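Colleague: Below, each chain spelled out in residue letters.
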Amino acid sequence: MKADIRVALVGNPNTGKSTLFNALTGLNQKIGNFPGVTVDKKTGYSALPDGRTAEIIDLPGTYSLYPKSQDESIVFSVLADRSNTHTPDLVIVIIDATNLKRNLLLYTQVADLKIPVIVALNMIDLSKKAGIDINIDLFAKKLGVPVVPISARKVEGIDKLKQAITFANKIPLQESSIDVKAIAPQLIAQISQELKLDNPYFALQLAHQHETVKFLTAKESDRIEELEHEFSFHSQKSQATETIARYNFINDLLYDTVKVPDTAQDETLSNKIDKVLTHKIFGFVIFLAILLFMFQSIFAWSAYPMEKIGDLFAWAQNTLHQLLPAGPLTGLLVDGVLGGLSGVMVFIPQIAILFAFISILEDTGYMARVTFMMDKLMRKVGLNGKSVVPLIGGFACAVPSIMSTRTIESWKDRMITIMVTPLVTCSARLPIYTLLIALVVPNRNVWWIFNLPGLALTGMYVFSLISAIVVAFAFKLILKGRERGYFIMELPVYRTPRWSNVAFSMYDRSKAFVLQAGKVIIAVSVILWVLASYGPGDRFAEIDQKYKQPQYAKQLSPDELTRAINSEKLENSYAGSLGHVIEPAIRPLGFDWKIGIALITSFAAREVFVGTMATIYSVDGNADKIESVQNKMASAKNPKTGKPVFSLAVAFSLMMFYAFAMQCASTVAVVYRETKNWRWPAIQFAYMTVLAYVASLLAYNLLK
Amino acid sequence: MTLSELEPGEIGIVKEFTDLEMSVKLMEMGCLPGEPVTVSRRAPLGDPISIKVSGYQLSLRKFEASTIILQ
Numbered sequence: 001m002k003a004d005i006r007v008a009l010v011g012n013p014n015t016g017k018s019t020l021f022n023a024l025t026g027l028n029q030k031i032g033n034f035p036g037v038t039v040d041k042k043t044g045y046s047a048l049p050d051g052r053t054a055e056i057i058d059l060p061g062t063y064s065l066y067p068k069s070q071d072e073s074i075v076f077s078v079l080a081d082r083s084n085t086h087t088p089d090l091v092i093v094i095i096d097a098t099n100l101k102r103n104l105l106l107y108t109q110v111a112d113l114k115i116p117v118i119v120a121l122n123m124i125d126l127s128k129k130a131g132i133d134i135n136i137d138l139f140a141k142k143l144g145v146p147v148v149p150i151s152a153r154k155v156e157g158i159d160k161l162k163q164a165i166t167f168a169n170k171i172p173l174q175e176s177s178i179d180v181k182a183i184a185p186q187l188i189a190q191i192s193q194e195l196k197l198d199n200p201y202f203a204l205q206l207a208h209q210h211e212t213v214k215f216l217t218a219k220e221s222d223r224i225e226e227l228e229h230e231f232s233f234h235s236q237k238s239q240a241t242e243t244i245a246r247y248n249f250i251n252d253l254l255y256d257t258v259k260v261p262d263t264a265q266d267e268t269l270s271n272k273i274d275k276v277l278t279h280k281i282f283g284f285v286i287f288l289a290i291l292l293f294m295f296q297s298i299f300a301w302s303a304y305p306m307e308k309i310g311d312l313f314a315w316a317q318n319t320l321h322q323l324l325p326a327g328p329l330t331g332l333l334v335d336g337v338l339g340g341l342s343g344v345m346v347f348i349p350q351i352a353i354l355f356a357f358i359s360i361l362e363d364t365g366y367m368a369r370v371t372f373m374m375d376k377l378m379r380k381v382g383l384n385g386k387s388v389v390p391l392i393g394g395f396a397c398a399v400p401s402i403m404s405t406r407t408i409e410s411w412k413d414r415m416i417t418i419m420v421t422p423l424v425t426c427s428a429r430l431p432i433y434t435l436l437i438a439l440v441v442p443n444r445n446v447w448w449i450f451n452l453p454g455l456a457l458t459g460m461y462v463f464s465l466i467s468a469i470v471v472a473f474a475f476k477l478i479l480k481g482r483e484r485g486y487f488i489m490e491l492p493v494y495r496t497p498r499w500s501n502v503a504f505s506m507y508d509r510s511k512a513f514v515l516q517a518g519k520v521i522i523a524v525s526v527i528l529w530v531l532a533s534y535g536p537g538d539r540f541a542e543i544d545q546k547y548k549q550p551q552y553a554k555q556l557s558p559d560e561l562t563r564a565i566n567s568e569k570l571e572n573s574y575a576g577s578l579g580h581v582i583e584p585a586i587r588p589l590g591f592d593w594k595i596g597i598a599l600i601t602s603f604a605a606r607e608v609f610v611g612t613m614a615t616i617y618s619v620d621g622n623a624d625k626i627e628s629v630q631n632k633m634a635s636a637k638n639p640k641t642g643k644p645v646f647s648l649a650v651a652f653s654l655m656m657f658y659a660f661a662m663q664c665a666s667t668v669a670v671v672y673r674e675t676k677n678w679r680w681p682a683i684q685f686a687y688m689t690v691l692a693y694v695a696s697l698l699a700y701n702l703l704k
Numbered sequence: 001m002t003l004s005e006l007e008p009g010e011i012g013i014v015k016e017f018t019d020l021e022m023s024v025k026l027m028e029m030g031c032l033p034g035e036p037v038t039v040s041r042r043a044p045l046g047d048p049i050s051i052k053v054s055g056y057q058l059s060l061r062k063f064e065a066s067t068i069i070l071q
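Sequence lines, in order, name chains F and Y.
Our numbering puts the first sequence at residues 1 to 704.
Our numbering puts the second sequence at residues 1 to 71.
Bound-form chain F, shown alone (with noise of 0.2 Å):
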């Protein structure tokens, strides 16, 4: 789509930027990449009264110019680079009018770059009702730019704020609100010069991001750090005058414009809130409940769904079967293609449902608080306060939990939580955990009340908080951080939940997974689904020449010798060849072939395994049925021992393996997303199949 105007939305965090999107833009929008940079780009059009069409581009929020992280250097590199495609022709800064004075820093900042500005007063009914007396003409006057009074929850005054952008200037009118040139007036006039700038504020900002800005080549950039040196320019000390300045500058311009009402310094409601969720005891106790509650509701609530896709892809495969005629190409689409998306799309019940539970904990200002009151337990292993939620979510899928990183500032931080969240026993987990149990674990009572495979399963999920919290604390040790850890954050005011800004969240993110996600998992089930239909050489033609024989076919019934056709077929496929080669490498973990072809095979995600020892041990039945499979699988033995395959020591031992390794190409495929790096996920992968081999070889061995 063409606009005839770009627009770039800039706001503090907390202030209703993303309500303001959503309101302007509704469904018309989609998510990208900066070119050249590793950040989200949210952009979406929206239709002005004229007729005209308005680029709108969602920024992340940010306090000041002055990033703290890369989401927050966009920002000035989007605004102030004429170069870049994306230069908007009018910013509209977002300002809560509850919370002007700290909101006011950024306005000044933006004004200051001489891009026409519009300012969108937000939560004006919520200031009004709180006493605040703003006078908006007096205010639009001082600054010399547009302000609209809206409430973005409401939908209020959203239209007026679409006949400013109409009627907006193409020129910046407002007034200047700091003497910028007296900061550094010698390095910012050589600076403007010699790169021709006409801003004395972009030529000062330059002075300090020019390491980091991509838009300067190298030649200038060190000139720009020779003329530093030059003029003696310190950076924080630079930045602490700019700041008191603008605050002077906002604290006479709220003097004349802004009454606030003395009872606005009065115990306000969220205050009393938070003396019940932040108590010493009921703080965790309510959390604790929260996340149960949560955790409950993700498994209960997603089962029909989940079934119901399940049944639906599983319909669209048996039709397309018998619609298609049989060959390879109908094969690799229905059971390459297709099997592989239904393994993707049977999460999104869960994802959506865990992404409301978080969209609407964040909404509500209850997730600041839970970072608030953790903070200092996870501090202690290299982790952050706001690493709760997504190793909680873990327990359910690590791919939307990974997802939910991002609102981990610090670089470390979130770089630990993404390495160790998929250690956290997920739900694909369970149906080999029970099977496994099943088959080793007698089923006894001990202590009157627990049974002896409950507390197996019990002690697998703790097993992997433990884990993951050992492995957090070896890579606090490991990795160097970019930046200082602090801890400076803004605890918002309580408000309900803004539903639809909830439902978007679910699709938003459900969507972003079956797109990222899919993806990869599609060629990865592709390339499976090859490895195990074709062989080497003509051996498949042998196997079914083999089975032509009348020995064969009158002594078994047209299934069994299906069924017996099959397992052959997948031992001398490539994927039975490659369970043979690594056979030596897993046969210290107690591991024979048959095992190894299921280890290959639920490399994409582990809920194959299951499938997989169904084929292999060719049940009867569909694969799903955990009690054949066990019954198959518990009286399958070694052929040269003549002991059963699935011993204590080899069930554990599995186990073990599934526990650590990260069989999950939908993981792989978010953590590189998020990351935008193949060395994370790569790191990731060598990791945790190092620790589940090694824990796999210690079970064997200890058990055996």
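By construction, these hints were calculated from the structure, which means they are not laboratory data.
All values reported here derive from a predicted model rather than from experimental measurement.
Mixed in with the good hints there might be a few duds.
[As the list claims (entries may be wrong)] If you anchor each label on the Cβ, the simulated ranges turn out as follows:
#	chain 1	residue 1	chain 2	residue 2	range
1	F	214	Y	69	36 to 46 Å
2	Y	71	F	281	33 to 43 Å
3	F	269	Y	69	30 to 40 Å
4	F	248	Y	71	15 to 25 Å
5	F	167	Y	66	46 to 56 Å
[Claimed, not checked] On the chain Y side, residues computed to face chain F include the following (Cβ under 7 Å):
#	residue
6	1
7	13
8	15
9	27
10	30
11	45
12	50
13	56
14	59
We treat Cβ as the ideally placed atom computed from N, Cα and C, and that holds for glycine.
Mind docking chain Y on chain F? Use the hints.
Modeller: Below, chain Y without anything else, positioned relative to chain F:
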């Protein structure tokens, strides 16, 4: 006296900072010299703390609060 020494409910006025890097971040968030700050509460485990400054709630670790000198 530093901000970290205040008990919940007590008010102080920011005088200066002992750490330049931290001061830039704190000032951006509205913790400026001359600004009154009230300690609202401590986290259940005693750290971080929550303060009221410039009309909103800000949480920060005790270490960060110890870099703020009060009048």
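Colleague: For every hint, state whether the structure bears it out.
Modeller: Here is what the structure says about each hint:
no., hint, in the structure
1, 214/F with 69/Y: 36 to 46 Å, "holds, 39 Å"
2, 71/Y with 281/F: 33 to 43 Å, "holds, 36 Å"
3, 269/F with 69/Y: 30 to 40 Å, "holds, 33 Å"
4, 248/F with 71/Y: 15 to 25 Å, "holds, 18 Å"
5, 167/F with 66/Y: 46 to 56 Å, "holds, 51 Å"
6, 1, "violated, 20 Å"
7, 13, "violated, 15 Å"
8, 15, "violated, 13 Å"
9, 27, "holds, 4 Å"
10, 30, "holds, 4 Å"
11, 45, "holds, 4 Å"
12, 50, "holds, 6 Å"
13, 56, "holds, 5 Å"
14, 59, "holds, 5 Å"
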